[in-house]
Structures are given as C-alpha cells and as structure tokens.
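We have chain A; now place chain B onto it with these hints.
2 protein chains.
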Amino acid sequence: MFEAAELGRKISREDFDAMAPGLRTELLALQQQLREADFPVVVLFAGVDGAGKNETVNLLNEWMDPRWIVTRAYGPSSDEERERPEYWRYWRDLPPKGKVGLFMSSWYHHPLIDRVTDKISGPELDERLERIVHFEKTLADEGALILKFWMHLSQKAQKKRLKSLEKDELTAWQVTKQDWQHWEMYDKFVAAAERMIMHTSKGHAPWQIVEGADPRYRSAVVLQTLKEAITKHFAARDAVKKVNAEIKGKKSDQPGALASQPSILSSLDMTQDIEGAEYNQALQEQRARLAHLYHAAKEKGVSTALVFEGWDAAGKGGTIRRLTNALNARDYQVIPIAAPTEEERAQHYLWRFWRHIARAGRVTVFDRSWYGRVLVERVEGFCTEEAWRRAYGEIVDFEKQLTDHGIVMCKFWLHITAEEQLARFNARGEIEYKKWKLTDEDWRNREQWGAYEQAVNDMVERTSTTDAPWTLVEANSKNFARVKVMRTVADALEAALGKPGKKKKD
Amino acid sequence: MFEAAELGRKISREDFDAMAPGLRTELLALQQQLREADFPVVVLFAGVDGAGKNETVNLLNEWMDPRWIVTRAYGPSSDEERERPEYWRYWRDLPPKGKVGLFMSSWYHHPLIDRVTDKISGPELDERLERIVHFEKTLADEGALILKFWMHLSQKAQKKRLKSLEKDELTAWQVTKQDWQHWEMYDKFVAAAERMIMHTSKGHAPWQIVEGADPRYRSAVVLQTLKEAITKHFAARDAVKKVNAEIKGKKSDQPGALASQPSILSSLDMTQDIEGAEYNQALQEQRARLAHLYHAAKEKGVSTALVFEGWDAAGKGGTIRRLTNALNARDYQVIPIAAPTEEERAQHYLWRFWRHIARAGRVTVFDRSWYGRVLVERVEGFCTEEAWRRAYGEIVDFEKQLTDHGIVMCKFWLHITAEEQLARFNARGEIEYKKWKLTDEDWRNREQWGAYEQAVNDMVERTSTTDAPWTLVEANSKNFARVKVMRTVADALEAALGKPGKKKKD
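Protein chains in written order, with UniProt numbering: chain A, 1 to 506; chain B, 1 to 506.
Derived from the structure by calculation, the hints contain no laboratory data.
Worth double-checking, as some hints may not be accurate.
Since the list can't tell identical chains apart, any single copy or any two copies may satisfy a pair.
Dumping the calculated EDC-like pairs for lysine to aspartate or glutamate here, alpha-carbon to alpha-carbon at most 16 Å [unchecked claim]: (1) K437 - E62; (2) K298 - E494; (3) K437 - D65.
Here chain A stands alone, though its shape is the one from the complex (with noise of 0.2 Å):
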C-alpha cells in the first residue's frame, strides 16, 4: 500500500516558491468562503512519526488564518472524560460550520496503537475501526468535509528523520523513546496501519497516503488536496441543495403522503388508571425504590440517561417532577431541549446532546431529546427526508455508544388521546398558573396529529434497542403514567445494578 510513499519524491525550493504564492491566495480565498459555508472541514493527520504531522499542521496555521482553524491533539483521558463515552471529547472538539478543524493523535491514535502493542486483536481493532467509520459517516451525512492524511516514510527514511530530529538543539526534544520503540516496531506498524486504512478509507472520509520525507513535497501534496478538496465539495453541496429543493417541490404536490396508517399507538389500553390510596402507596413505593437504587447506581459510577418524549399535555413535566423528588437535586439535571442556540446551530444536530452528557453517577433527565429529528423536524419540514430517514440509524448509534459505556437508558413516550388532550388544553386556558404553559404551537402540533401519530410509530419501531428500549405510557391518567414511569426507570436501574457491570471502553 505504502510503497508509492517511498520513492522518495521532491519539489525543488524554486518550484515550491513559484506555486506558494497562488495556492495560499486560493486557499484564504477558499477560507473566506467557507466562513459563509454550511459545513465544516475536518482534516486528520496521522501516521509515521517524523513524517511532518506538526509541521504540516503548524504550516497550515501559519498559511491560513488562524482565526477559523481549530487545532486539536489528544493525550491520556482526564477523569471526566473517561466517564463519558469514549467519543464524547472528540464530539466536544468538532469544528462548527465555516471553521476548519485540523486533528491530531485523535480517533485513530489509540485503535492503531492499542493493535501494534499487542492490547488488542485484528477482530478488536475492526470493531473500533467500525465504531470510526460510523462516526465520520454520521459528519459526512451532515454535510462535513473531512479529508485524512497518512503521512509516510519507510523504516529508513523515518531512522534517518529522527536522527537528524535528534542532532538539531532545537528539536532533540521532540524524538522520545517512544519514536525509537515505534521505528523498532516499524513493519508491525505499518501492517496494522495498512488494515485500518483500507478498512476506514471511505468515498466521504478518504484516506491520503503522503510521502512526508520532504518538507515542501508533503506540504505541496496536502495543501493541494485541501485545496481541490474544498472547492469540490462546495460543488457537491450545491448539487445536493438543488436537489432537495426539487424533492421538496414534488412533495407538496402529494399531501396524502403522510396518511395515517394503524399505529402502535392505537394497541394501547387508554383506560388503565390507579387512584386514591392505591396510587400514593404506589407512588410511595416506587419513590422509596428509586431512591434507593439510584444512590446504589451512584455508589457504583453508574449514570442514567432519561428521555421523555409526549404529546402536548401528555405531563411530561409533572412525571419528571415526580421522578426527580425521589432524587437529590445535587445528583440530577433535567435538561430541556427546546430551539437550539447559535453556536449548537453551527454543529452536527447530535452535538448538542453529546455536551450534555454527564459524569458518573449522575441523573440526567432530558425534557424532549435527540428525537426531535424524527418528530417534529420531520412532520414540520425542518429537515429533509433524507436527513430524518438517516437519523433513525445515527440515534442507535449514539444511543449504543452511552449504553456501551454503562449508561442506563430508559425512553418514554407519554401517550394520551386526542380527546384527553383537547380537555387538558381548554382546562388550562382556566388554571391561573397553568396559562403560559399554552400557547399557539400547541394547537398548530394538535393539527398534525395523524403525521406526528405516524411518526412516533416509526420511532418506536426503529429505534427500541434491547438496552435503550422505548416504553409507551398510558398517561390519559397522570397517576398511571406516574406510577409506571418511576417503576420502570427502577426496574431498569435493578436489572443494571444486578448484573456484572459491563466493560467500560477506555
């Protein structure tokens, strides 16, 4: 594979001096346009060491403005970092729209390293190599440009690298022992890079193999891919744009498209409901179970993660403050999802999820969730089919991740009838302090009623997992849905306490 990387290529200075020039304008120029731009771009660099990582990345901070690059490389994990899922610091590092990020020693760093030291086998590092080809998909889905280099040298040139490295005062320092243990272990090195990269080299993530033995060839090589890879893939989002465009035309000639079919909503008793004294010894007795099991599950550095989603009146609200009373408000955070904020607009739709994911042992309580995407943004049109059809499949995904890392999870859909939710709406409008609770949207969402009911059920149906599985409540009684709330978030908590704590990744 790496063969053609070492030939041993180079650009003389004179040549290099007479491209520098124009290839920097057209890359500020492409900069600035990128600053309008509804995307960002993700640049990797990996590969041998010496073979000009920094260099490269400190040439394009200094040919570009700096102003809209973000620069990251990763060390060990901090504390909080090895309590949330292994891709959380990468999620919290992702450039937004308009800003290119260059990474380093990022999500291929610790696979490759782990394979070459023997902490992993061939089929173990495929399966994280798998979890790095899920990742940049769910980026390219959204839009995002990445490009990745693996920069090359073969075993000679990179000893001869790292002695020169060596000899020169001012960067002796930057060849540790670990370089000549990696040069040592050279051709394992090298096989197992040769498996990730075929493996992970995809049409929206591919990889660049870069001979990095001369400075102005492997400069030459990546600022030209860049170059042409920016001015390429601002063609293709045109394209893809005109194309949505012409699909959105179409569909508002078909109105029917959305027809109601028989739901797994219409399955449900609606009448079931517990009352008087049987309801507050339930509730008393679900409330003694959580707290119970929660503070066990904190003992034990297992967080939960708690979705409610609902019709308008379902009392999403009153379940959750029902819930939370059984809890210490130092231990839980209820995070209300309503219309993103500008710096989460920027970011990929999960972003804004991932930041909010919590240390160990915490509660966290989300009002509303990820699944506005296959909900409202989908009945509404605020995003295209394609993105709401893809988002079933990246939800599973990220979902898998916090359940793989010991999260657990529980996902309420808080189910009430029309009828029941006509009621609730006209008795607010009589609560003094019930007013603000309703407003336009409510009765606008009510309108939809048979597309969001079509809707839920394709949620339901493609995104209940074995551990983040959906319970549908019938919360025509808030009592019944109280009560059943509480006892399945403890019988989750019981089933997860009881059996062998799984494997943290990291």
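Here is chain B on its own, set in the frame of chain A:
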C-alpha cells in the same frame, strides 16, 4: 446572629395552602418575564445539614419551570478542574441571562469546611472570603441578581432532624457519617458560618438566614424572598438603564471628552530595528530558547497565557505565527477573539475567556482578548463608562486568579505609528493574498486613533501588574517586534521555572 432562626417558627398547612397557588403563579409569571431580561438570577443555598437545602431546591424545581433553571452542586474537583483556577468550574456553570441558577455546596462550601476542620486559619478564611466577595461583585456589577440563603437549625433541632431522616427508610441513606461529624462540631461550624456571613453579606449579594425546622415555613420564606428580590431587581435595572441613557445623552454633547493626552506610547523609540543576518540569528536563538523552555514548562504542568493586543496591521498575526512555530501544534491553541456568540452574549463578559482557560501545561494565545472591554468597547461606546471603568479592577482580579494558579502570563501591545499603519494598509491592498485582511472597519478605527491611544494608555497604567505585566512592543519593524516578543515570553518562562513553584489552590 442565628437566634432569630431558632424560634421554632411554623406555618400551618392551611395557611400554606392558602398562600401557595398565588405565590406560585407570581413566580411563574416572573420567570416568564425573566426570559426576556438582561440578567441572570444566582441563588445559593448553604447552611446546617438537614435544614432543607435539597428539599427547597427540589421545591423550586417543582414549582417553577425547570427549563429555565440550572441546578448545580459540587463534589470533589475533577482533574480537569484542578488543572485550572479554583473558580473555573463555577464560571462554566453560571446561568445565562434570563435563567435562574440554584447552587449548592458551591464556592462557600470548601472555605467553610476547611475552616471548621482547621485546615485553614481565621485570616486564611477571610482571604478566601475576599475572593468570593470579588467574584460576586463582578457578577452583580454586570447585572446579576444574587441571593444567598443560609438554612439554619439549632443543634437540638439538627439532631432531631437527622434522627427522623434516619428512621425513614426512604431517607435514611441521606444521613452520612459526615453529617454526624458536622453535628458534633456544631458550635465551631456555626461560629465559622457567622464569620463567613458577616464578611460576605453585601448589598449586591445579601445573605438571608432562614429557620429551617419547619418545611412549610422555610419554603414560604425562600419563595417569598425570591419573588420580592426578582421584582425589585427588575425595577432597579430599569432605573439604571434610565440613568445610563441620560448619561449617554449628555456625553454626546461633549465630543472633546476623550481628548488625547500625552500617552505612554509616545515615549517609545519607534526607530528600533534588527535586520538581515542579525535578525535571523536572534530569531533562531529565541526559537531555541522557547522550544526548550515551553517543553520544560509542559513537563511541570505550567501553563502559559499570552495576550496580544495592538493597532490594526501592527503584525499580531505574523508575530503569533513566528512564536507558535517554536511550539508543537498539539500544545498550543490560538484563540481569536471576535464578536461574542449568542451563548457568550448571554453571560458575563469574562465568561467567554474563562471557557478558554486551558488544562495544565498548555500555551494559550489570545489574539485580542478581554481588553476589548477597555479598548474597542470603550472607544466605540459599546458599553457604559461605568462598565469599562469597572473593568480594570475586574480584569486585574481575573488575571490574578490565573497567575495565582501558577499560569505564566505575558501581555503585549504591538505599537506602530499612524504613518506606518497607513503605509501597511496601502500595501495590503496590493498583495493579492493579503487583501482580505483589510476591511472598512480598519479605516474607521484609524479615525479614532487619539481615542484609542488614550484608552491604551489607561489600560497599561491600570492593569500592568508584577505577575501579569504589559510589554509595549515597538513594532514599526516587524523583525524587532517578533524577536522582542519571543524573548519576553522566554524570559518569563525562565523566571517562572527558576523560582520555586507557586502553591496551586485546591
């Protein structure tokens, strides 16, 4: 001090139930009004264990709209937190404008416990309380409403309360060994609390002592106080706005108010230069020093914060790039300070700088900085005179927290003459890849030269401290400026590494 909170005051269920709906409606209405407000509400709870801190916070979450409440409690610091100044974690959790933040075990907790357990002396406690006063003053000066509740119990009442919690299966786990230890130290605890409350109860952030024995009574007091304080604060803010508008109106009649005085900048020898081989040698020399020194600093976990301010076209970008070229790209971050984002605008103006404070051993370069407040914001009238005058003290305090934590700090003003700037502006228009750098704003800023000169003068005079000194850089010669900046940073690192390490707080 606490006698009035040991009287056994109660509210009957009937009275409470009669009062509750009205109070709740008012609080919800205020919260709605708050969403449009230009200030956050910061509510702290401290007090005797068992006096209802958690219960009250739960109640507030239940009664009000939890979507506009942020609840935070603090356990032991994470390593990411320990690697930064003590207050970093509080800054990152501050509620944005329009939200209510409920804080438990927060900035008062550690000083108090440290005093009770004799880890610190009385005077040391005072010193840490002084830090709190500064912090709260900074927030209040920007408009925050700050309320602090001391939830109180007599020693007898505390014993009763802990016993009763222990009896109830539902709450037994809440009582820890530590609680009983604290109970045994009751007198000491209360004495320290008294000192703390006396020292930190200020007009802008008053303590309210609440008798905590009766849940209804304490709830009523907290809710009522909160309601009244928010109502009053709205009125006070309106009054301030009116006065500010009047001042602004008057100022526009006095265009000569910012007449230029002979400034510190006029004393600089702007002819200094360094050329050719001499320059190259000096540059290499400083690069080598820097490369060594920053690496040594990294090993020791010593971070560096560099601030670059200067005239447009003074060469900040080029100087920063020469400097960062001596560093490994994974160890530094250039933070360009442009217009604040929506999330940043909703916070205290220092918040957006706190969020960029790096972990141990990193170099952070601020390309423009928090000094914007006393430069562009002052000159362009983006903030009130009262605000920028206050900022000198706030900034000195902010930087002191960084340098006290062991961060090495250098601040550079890159100075060029007005003639040199004009020459550079004209040249920029002619070099293709530099054209983008020249904007209309640059020309507008140039017209305000005198006002900026005065602002720079005041800034340097008022914010140059021993640990965070300003270096004025004669930058008519780019070469001279680059070498001087690099030498200054290297000198600062050398001095910091030479002297015995400062004790890290926390």
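Hints, verified against the model:
1. In the homo-oligomer, the alpha carbons of K437 and E62 lie at most 16 Å apart only across protomers (14 Å), although the nearest pairing inside one protomer, at 53 Å, exceeds that limit.
2. In this homomeric assembly, K298 and E494 come within 16 Å of each other (Cα to Cα) only inside a single copy, at 13 Å, whereas the closest approach across copies is 45 Å.
3. Taking CA atoms no more than 16 Å apart as the test, K437 paired with D65 passes between copies only; the shortest distance there is 10 Å, against 47 Å inside one copy.
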